[in-house]
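*Asks:* The residues making up each chain are set out below.
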Amino acid sequence: MSTGAFLSPPEHLGGAPFPVRYLFMSESDLLPPLLAADRLEYARGGEPIFGPLDFALPGGRVLVVEGDNGAGKTTLVRMLAGLIQPTAGQLLWQGLPFADSVRPPGSVALLGHALGLKGELSALENLRFRIGLSGVRGGLSLHGALASVGLEGYEDVAVRTLSAGQRKRTALAAMLLSPASLWLMDEPYANLDRQGQVLVDRMLETHRARGGAVLLTSHGLIQPQVSGLSTTRLAVLRA
Amino acid sequence: MTAGSTRAAFTALLRRDLLALWRRRSETLNPLLFAAMVTVLFPLALGPEADKLARVASGVVWVTVLLAGLLTLDSLFRTDAEDGSLDQIVASGQPLALLAFAKILAHWLGAGLPLALAGPLLASLLGLRADAAGTLAVSLALGTPLLSLIGAACAALTVGLRRSGILLALLVLPLAVPVLIFGAGAVEAAQTGANPFPPLVFLAAGLALALPLSPLVCAAALRLQAE
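Same order as they appear, the protein sequences are chains H and W. Quick note: to get our numbering, add 1126 to the position in the first sequence (first position is 1). With the first letter of the second sequence counted as 1, position 120 gets the number 110 in our numbering; the numbers rise by one all the way through.
No incorrect hints appear here.
What the simulated footprint calls covered on chain W by chain H, stretch by stretch (three residues with Cβ under 8 Å from a Cβ of chain H suffice, anywhere in the stretch; the number is not a length):
hint: 1; stretch: 9 to 15
hint: 2; stretch: 71 to 77
Partial selection, computed: residues in chain W whose CB lies under 10 Å from chain H:
hint: 3; residue: S(-5)
hint: 4; residue: F0
hint: 5; residue: A2
hint: 6; residue: R5
hint: 7; residue: Q84
hint: 8; residue: L89
hint: 9; residue: R213
hint: 10; residue: A216
hint: 11; residue: E217
Simulated coverage check for chain H against chain W, where a stretch passes if three residues somewhere in it have a Cβ under 8 Å from a Cβ of chain W:
hint: 12; stretch: 1205 to 1219
hint: 13; stretch: 1228 to 1234
hint: 14; stretch: 1241 to 1250
These are calculated hints, taken from the structure and not from any lab test. Being a predicted model, the structure only gives us computed values, none of them experimental. Where is the CB? At the ideal position from N, CA and C, for every residue including glycine.
Hey, can you work out the whole structure from these sequences and the hints?
*Replies:* Structure, rendered in structure tokens:
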């Protein structure tokens, strides 16, 4: 039972490694998609969590994964980030089976539920760690990134003392700085005020426009306001 | 656009952990205070005879250092797992064993090294002779990094459990027994005029073995817990 992925491959792959490429006829789409899932499944302790799931995510696209609580959205994001191995099927990174050797460091940026920030360090120190860990996109300074998420003046404040929304913004600044072409965002709108949601949309649009790809999860309450959007739904498999 | 280099990732993680230790420095000092207090308990329990205390001094200090070090182990990977930075570290695609080594190094600098420096001082309070205190310092310099490496592997294995305090101790203590035997044995040898060199060589050999092995175990365990 395949879920309604935005591009389900034909029944048989017909010899072409990526049938998807023929559906988009622009120059960039002659490359294999940045990320593709081929009958991806995950089960924990014999109990299916999601899948089989097929999708292709080319550059310049934003894919929204919707699903109710327990549908496996977070699990899917963690799998795409390389934290979990699929139980069946495979993930392809630019047409090659997923492995650290295929995916160079810093090619995926992850925004999880836990934001990965150290409370006792300042926003600036946290960002400095992130760019050391996975590199930095040119043309943006640490202060510039914090300013563009609306945290000007909070550079040296311990993250522990920031509000939940401000912490989320700090994590968004880390996304801005990341050189990654693929953004994986688990509930990016959670904890954000109206302005923050607009900020996320603006970030998605910029990233999309420069050829990056985004996969984000949502309960379906907030729809991202960006172009190049497609949606797939994860069904809750457990009764 | 600069992709992250492995060296940059290593230094960034080491810096971040040391900075976090510095920000929590009052907490970082607690194991030292614990070690000092436990050492003080022995003269109270055993009586103040100088001979007896001098004879057990090195063993007491070694056990104290081991127990104080245990207190710091649980948080080594747990805080990172809880706040999501472990996910960031694993997902970064950098060699995980090397990053685990950065964390172990930071842990030793924050907990092991201060204990290794305080150990000879505590032992001389118990009346250990100066030359034997020198041997104790060398044995602690070799033994505390070894304890950090052994402890880190166990901490990585238990990081997925909600509370692992006692379990972690039960895992680490048997593995730490050889360290204790050779560490205290070297000082014992120095006190009785024997050659303290062989036990120290065993400690160094253990360290040489654990240095490459422990980060690999940590990396494998951390990958498992991410699931």
